[in-house]
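Chains V and L are the protein sequences, given in the same order. Going by the UniProt record's numbering, the residue at position 436 of the first sequence is 436; the numbering climbs one at a time, nothing skipped. Going by the UniProt record's numbering, the residue at position 426 of the second sequence is 426; the numbering climbs one at a time, nothing skipped.
Hints are not guaranteed to be accurate.
Copies of the same chain look alike in the list, so a pair counts if it fits in one copy or across any two.
[Claimed, not checked] Here are the simulated lysine to aspartate or glutamate pairs, EDC-like style, with alpha carbons at most 16 Å apart:
(1) K240 x D202
(2) K656 x E680
(3) K656 x D554
(4) K245 x E225
(5) K245 x D202
(6) K367 x E339
(7) K641 x D96
(8) K238 x D148
(9) K646 x D96
(10) K641 x E652
(11) K645 x D96
(12) K572 x E652
Simulated from the structure, these hints should not be mistaken for laboratory data.
Chain residues, written in single-letter form:
There are 2 protein chains.
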Amino acid sequence: MGASVEQLAVNTIRVLAADATANANSGHPGAPMGMAPVAHVLFSKFMRFNPKNPKWLNRDRFVLSNGHACALIYTLLHLYGYAVTLEDLKRFRQVDSITPGHPEAHDTPGIEVTTGPLGQGISNAVGLAIAQAHTAATFNKPGFDLVDNYTYVFLGDGCLQEGVSSEACSLAGHLQLGNLIAIWDDNHITIDGDTNVSFTEDVLKRYESYGWQVLTVSDGDHDLEGVAAAIKKAQEVKDKPTIIKLTTTIGFGSKLQGTHSVHGSPLKADDIKQLKQAFGFNPEQSFVVPQEVYDFCNKVAAEGASKEQEWNNLLAKYAEQYKEEYEDLIRRQKGDLPEGWEKHLPVYTPSDPAIASRKLSENILNKIFSVIPELMGGSADLTGSNLTLAKGTVDFQPPSTGLGDYSGRYIRYGVREHGMGAIMNGLAAYGTVIPYSGTFLNFVSYAAGAVRLSALSQVRVIWVATHDSIGLGEDGPTHQPIETLAHFRALPNCMVWRPADGNETSAAYYVALTSKHTPSIIALSRQNLPQLENSTVEHAIKGGYVVHEQEGADITLISTGSEVGICVDTIKELAKQNIKARVVSLPCWEVFDAQSKDYRLSVLPDGIPSLSVEVMSTLGWERYAHEQFGLNRFGASGPYKDVYKKFEFTPEGIAKRAVATVNFWKDVPNIRSPINRAFEQLI
Amino acid sequence: MGASVEQLAVNTIRVLAADATANANSGHPGAPMGMAPVAHVLFSKFMRFNPKNPKWLNRDRFVLSNGHACALIYTLLHLYGYAVTLEDLKRFRQVDSITPGHPEAHDTPGIEVTTGPLGQGISNAVGLAIAQAHTAATFNKPGFDLVDNYTYVFLGDGCLQEGVSSEACSLAGHLQLGNLIAIWDDNHITIDGDTNVSFTEDVLKRYESYGWQVLTVSDGDHDLEGVAAAIKKAQEVKDKPTIIKLTTTIGFGSKLQGTHSVHGSPLKADDIKQLKQAFGFNPEQSFVVPQEVYDFCNKVAAEGASKEQEWNNLLAKYAEQYKEEYEDLIRRQKGDLPEGWEKHLPVYTPSDPAIASRKLSENILNKIFSVIPELMGGSADLTGSNLTLAKGTVDFQPPSTGLGDYSGRYIRYGVREHGMGAIMNGLAAYGTVIPYSGTFLNFVSYAAGAVRLSALSQVRVIWVATHDSIGLGEDGPTHQPIETLAHFRALPNCMVWRPADGNETSAAYYVALTSKHTPSIIALSRQNLPQLENSTVEHAIKGGYVVHEQEGADITLISTGSEVGICVDTIKELAKQNIKARVVSLPCWEVFDAQSKDYRLSVLPDGIPSLSVEVMSTLGWERYAHEQFGLNRFGASGPYKDVYKKFEFTPEGIAKRAVATVNFWKDVPNIRSPINRAFEQLI
Ligand SMILES: [Ca+2]
Ligand SMILES: [Ca+2]
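Chain V with its partners taken away, still in its complex shape (with noise of 0.2 Å):
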């Protein structure tokens, strides 16, 4: 076969696609297949990376936002040296193996994002190409064009049908984000069979709707000059994303090629065979690269190496006549802060007033957002509830909108939290931005399958999630967050903070900005909360403490938020009926599970019983209290006293259940706290 080293290089990654899944006896060998022409067109002519330095400021990002085409993106990695083996391949999906079942950029050298859960990889592409066009604005200089990359994306009808993708999509329109552009598959198939039988759309046309270039090639299988002119033609056009369809043939090759047994399951022996015969491999060989292909890609990588080479001379010059830029640069992508940041966190006494913890919030980003300028805010069209905007902030937008420009650091996300979730896992992809955002509390919860992706990608990213209980009042059930905090007090890798006051808020905003792995949540007040007597930053930072200390105290009471104020009411009304407490808050469990055990029992001490107070689900509280008094029911629209009223959180409330408590525990000798474990969790 005298196919050229082209056709050769694209047909190796059909075959190594195909071995790889086979040889794992799972996973989906049909977009790779399909795909490996568009993919060999750009990595081998557009895309500009350096295999040996990932993290390269000005690469080019790709994302596989169908994530489950893994097989194809590992066999890139591989071709263009990568630190991906072929021993890599050969572990495909095979546990600590560093090519799992979907990407994970923690995992995988050369991996941006990780992907899989449909829809996120090219609404995680809107936040890096937000991200690009925001560096690009802040620091490039005449002649100096340090950051102009593009962000390529490859995604399947599924990411289209997505509600995420078309929400992020719809922003990228709006943002006229010139450097993305998303090549779509249009193979026809998705599992349930063909496309017809519940996606007849006409997706080009939603997507002009949206206000990005659409272009078609329709032979993908094919036609590499057709897809090549389509990329170019996509990166002329500075102020629309583009979006390409690319008709290609899922599983091109195999012998069932066009049809949906290729999709999620590997080819079997005899396919495989006959694909290695048509393409001029050995089908008796596994896991081969012809050397010819090797060459080609490492020729690609070495001039990938020198534009990088290229780009630290432009950077070394920059450093000279940009010094201050430089540093700032270069200290964004370690992700440290700037020097002593931390001294412009608000601190307050307990005879400072009583403020709502969103006002709170909103204080420090008052104070922090001009000293941390990695900072990017924005909210799901809740501004002047989620209180996010700091004070003389420009909007992040196109310039010819006259709203702003690319340099601004608020993002008018709209009301689209799940776009939002995905937006700022990009954002913080990028490696130059920290992002947060506003939406209320109950509302994180369209984002969920964004937020799980944030903690499960280690991105430092923040919810400014205010209105965090039925103390917002009037608005009702439908707005009072009953099962949130459990729900991602579940979620590993991602900390949630009720701060109860305001050097608890400040508390929460140094771990979450301090964390340069974990997203955070932070859920805030709508009503006032007085400051406390024992609150501080340093203690507040250890994720629980005790706010309130008594000699010999017959029971703690435990609590997080606008109810650790109503705890240390509640002290009173039982001192009526002789009973001493003491009181805790508990502000983030994670972060106080991880302080010592020590400490722990400090807070929580064995020899008296506990009872925790919020007003939500009491589910996950047993960790820590014996009693639990939540709300494990919807809450209630009306005044927010009188909600509060209504469910008894109010110190009598407190006080009957503390009492009972007291009682029911009498009884047992040497009552252990629940800080004692039989035997270490697997965390």
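Since the structure of chain V is provided, determine the placement of chain L with the ligands on it from the hints.
Only chain L with the ligands this time, still in chain V's reference frame:
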């Protein structure tokens, strides 16, 4: 002011909405005031309804998707004579009123679905329209157009921005739902100000791309005839849903009309005064309805009542000619299942082979699908994985596609989990259908916003949530749920099932199908599970029971789903170390919690320590077990047995922790079962 009664009716709505929000000192007057004209036209000229019987099957359905505008619908319900009094309007947004801050279907007569969380209502409406088309295709006969109602929706910009509505509306276009008519309140205002800051897409073009008819009315403030003409045109097109872009002035009549100041805050006293003056109302009085407006509305209502009477006559004739269909229809509306249906639930004995619970679920569907004709299935493009398609089922599809017809009972949702969840809520709300749908458990989280509303609005909706744990194996951490069960266990009025074998799976379906007012999530395994010794449907419908009893046991192992069998295998392992273990299966916490305390204590007795075993977050297990073995981290990609081994979910790994548990609790006298609590929870 010589206004016609029509104009007076419009202005009465505006004034009452202003009064209600001002009186509550909370709420959203702007949209009700802007949409008063279209609401008046719709209710007086088009809507078919009888306020005296809000449950009349063939009524037109009205959905206020922009639920924050609920002062509008409460006002309409009052004016037309539903059981909503002026007093109720005065108690708007007060605790325990029937006029809460957002419309709740189970609270207020005339409210079809619970809205407020944006994007949900329009998506529910798609479900209502599907149910209408399906019920018509199933029950209508020549000369008997029993079911031919329309579904009308009001929605705002926020609803259009939410991805859930994109998903549902794309599907609605595909399904050619001609009886669905949406009216978009195009007032250019969102909370963040002008929609220009984030929402500049061409909405109508987008809806055209979905296959909708799109219409425009440019003066929604005054052009009542134009509004009527548009609705008429919408009714005439039978094979497309319609969206009408209606340009209105938010807060029409207020001094601040057209600004976002009137969106979410009541009008000031002087503004209301001038409003009333301008509209010919006494500025010193509140909550006043001119008698001629009542008269006008009463006349409309009376016409509605007589239409129902005509329909009842038609139904009586139908009952004679189509006795069986008639009885089926009546039964369905009561929510009762066909007599004896439960006899079709499969039962198993321990000698039956090990079967994956997703397959057990398929077996059930194959048995009961023909017995319970109101079941409507579906999947978010994972039919072959979820095994949700009962044998021989016809697709619900527009006949013109040649892929099915409207009497079909299987919906191809596409990769649209959130849309699917919201559509199921609409299907259930219609009253003649019980929806179930499949996706991976992990992706039920994408639909969290809709699941929450299933629970709050008390609808019977079933999620067939397969691939329920790390047991799905190779797909890896992006697909392996960790936090999901904790999330939905914490959600009130939502049953989470994780059956361990065949009888437990039948029990899960039994309880899910007979719980008329509670949604269920049934978590099902990909891997095979053995049939357990003591498992029966009767035991499992209690939510928890003893799988293996042991005299003088040293420990209780408590588990769910795929881990119960491993716990049974652990008995032998522990016996080697002279530890006697009993095993409890707890497939549904919510149902177990509803059993008598005596029963619960018989399952989880005092005196011995207990250990929970479940391959996901331990959060909440402290409620039942003294110690917890789970996975408070993300999973791993690999063959499932390897993954279980990696995390030590093997008889050896469990035994190790059981020994630690026994040792740790050895010194504690009179160990108390966690079932014992100091006081009752608020549920
Ligand atoms: Ca967490
Ligand atoms: Ca629940």
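Status of the hints after comparison with the structure:
no.	hint	result
1	K240 x D202	between (19 Å within a copy, 15 Å between copies)
2	K656 x E680	between (35 Å within a copy, 12 Å between copies)
3	K656 x D554	within (14 Å within a copy, 36 Å between copies)
4	K245 x E225	within (15 Å within a copy, 43 Å between copies)
5	K245 x D202	within (11 Å within a copy, 20 Å between copies)
6	K367 x E339	within (15 Å within a copy, 67 Å between copies)
7	K641 x D96	between (52 Å within a copy, 14 Å between copies)
8	K238 x D148	within (11 Å within a copy, 50 Å between copies)
9	K646 x D96	between (52 Å within a copy, 9 Å between copies)
10	K641 x E652	within (14 Å within a copy, 53 Å between copies)
11	K645 x D96	between (52 Å within a copy, 12 Å between copies)
12	K572 x E652	within (10 Å within a copy, 51 Å between copies)
In summary, the structure agrees with every hint in the numbered list given earlier.
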